[in-house]
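Please arrange chain S on chain A, whose structure you already have, making use of the hints.
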Amino acid sequence: MPAADTLTLPRPETGAAPALGGAWRVVVLNDPVNLMSYVVVVFRRVLGFDEATARKHMLEVHEQGRSVVWSGLRERAEHYAFILQQWHLTTVLEPDETH
Amino acid sequence: MKRIEVKLHLPAVAPLLDVIKGAADSLRDGLAAPLRVEGLDAEFRGEWEAELAAAQNEDVRLLLALFGSEFFGTGIVALDEGNAEAVARACAAVRLRLRGRALAALPDEALEAGSVEAEQLEEPVRRAFMCYVFLGTLLELILSHLGSAFLGGGAAPSA
Numbered sequence: 016m017p018a019a020d021t022l023t024l025p026r027p028e029t030g031a032a033p034a035l036g037g038a039w040r041v042v043v044l045n046d047p048v049n050l051m052s053y054v055v056v057v058f059r060r061v062l063g064f065d066e067a068t069a070r071k072h073m074l075e076v077h078e079q080g081r082s083v084v085w086s087g088l089r090e091r092a093e094h095y096a097f098i099l100q101q102w103h104l105t106t107v108l109e110p111d112e113t114h
Numbered sequence: 015m016k017r018i019e020v021k022l023h024l025p026a027v028a029p030l031l032d033v034i035k036g037a038a039d040s041l042r043d044g045l046a047a048p049l050r051v052e053g054l055d056a057e058f059r060g061e062w063e064a065e066l067a068a069a070q071n072e073d074v075r076l077l078l079a080l081f082g083s084e085f086f087g088t089g090i091v092a093l094d095e096g097n098a099e100a101v102a103r104a105c106a107a108v109r110l111r112l113r114g115r116a117l118a119a120l121p122d123e124a125l126e127a128g129s130v131e132a133e134q135l136e137e138p139v140r141r142a143f144m145c146y147v148f149l150g151t152l153l154e155l156i157l158s159h160l161g162s163a164f165l166g167g168g169a170a171p172s173a
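Order-wise, the sequence lines are chains A and S.
Just so you know, we're using this note's numbering here: the first sequence kicks off at 16 and counts up by one.
Just so you know, we're using this note's numbering here: the second sequence kicks off at 15 and counts up by one.
Heads up, a few of these hints could be off.
[What the hints assert, rightly or not] Computed, partial: chain A to chain S, Cβ under 7 Å:
| hint | residue |
| --- | --- |
| 1 | Pro47 |
| 2 | Val56 |
| 3 | Gln100 |
Since the hints were made in silico from the structure, they are not lab data.
Remember, it's a predicted structure, so these values are computed and weren't measured experimentally.
Where a beta carbon is used, it is the ideal one built from N, C-alpha and C, also for glycine.
Here chain S stands alone, though its shape is the one from the complex:
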């Protein structure tokens, strides 16, 4: 099984974890990306939302599990084919939640262009933005080193 270990700078990352955990916990209240599919009857829609929420919560649990006691001892997070997909989805979910709440005042264009000046932001927005960037970096690492492991299935049949 392909595996990567990422050594993080503990003094830089540790202060971000409370913010990440707060955003992750807030995802228990709803989906990171709103469900906009129309034409589902109420019962079916409720089943979808429940399934999506359960999957989202499990993904987030696996993301937070990276930062347990072992991480505080070594500064290392370990990713492999068993958790990479879930952690990637969780990174996306928490980034969306940060954007929707703590970073809601930042313009889309600046976020997409990567032109936000972190040092000009006030706390706690600056810290939330650092979490947003950190999770994006973690996600890019996963895609670079383990992305090929994602591509084993899911081919669409012809319509």
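So that you can see chain A by itself, here it is in the shape it has in the complex:
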């Protein structure tokens, strides 16, 4: 069974990497295909949300086109983005300017 919740690819160290410090947001974008019930289960499965929180974020995605589902260090944000992408939710990372 694919290890959907355990796989973390190591980020190679590169001296020329862009500035990736600080906090980053994991943002899930809307698509017209994935079922609402599926998105709720994925949020619960991947991000550990309770049902109410998962539904809140799902509705944000559906109604506003996007939802910030996590914020924190870049490496962890990449981990979540990777797993959400494995579940076929389109995900982007953006700097969290509130931190």
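Frame of chain A, contents of chain S only:
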């Protein structure tokens, strides 16, 4: 281990399988949902894409395995905690691929609202749409009966 068996109407489902297999095979060419994460260096991005593609292909393999010779004998597909997650992801992936190709002309609003009139579509779009609906129904069955099995881990630490 929790297990469900779904009895399908063979004459209705069998004609859809070639379309599903075609869409599934096309996923070997790329990811169902485009990778839009920025700021990854080229090598790391390539590793991500390769890992995601490999996982996607394995999921799709498990979906197609439901419709082997046993299915054509009984009309039954069996799902359990061992394959449900992968089949759920594969259903999502194939639906995305169908939407992106065979169903590309359908408006987002109609798809999201479930207001597409299948009988008004021309072949082969109608058949692709029936596959899209069928995979959505299969996905809902999995979530209803085995979704709780998905929720054993993955809690996010605080930032």
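Answer holds if the nearest beta-carbon of chain S is closer than 7 Å to that of valine 56 (chain A); otherwise answer violated.
Holds: closest Cβ of chain S sits about 5 Å from valine 56 (chain A), inside 7 Å.
Is the shortest C-beta separation between proline 47 (chain A) and chain S less than 7 Å?
holds (4 Å)
Does the CB of glutamine 100 (chain A) sit less than 7 Å away from some CB of chain S?
holds (6 Å)
In summary, this structure violates none of the numbered hints.
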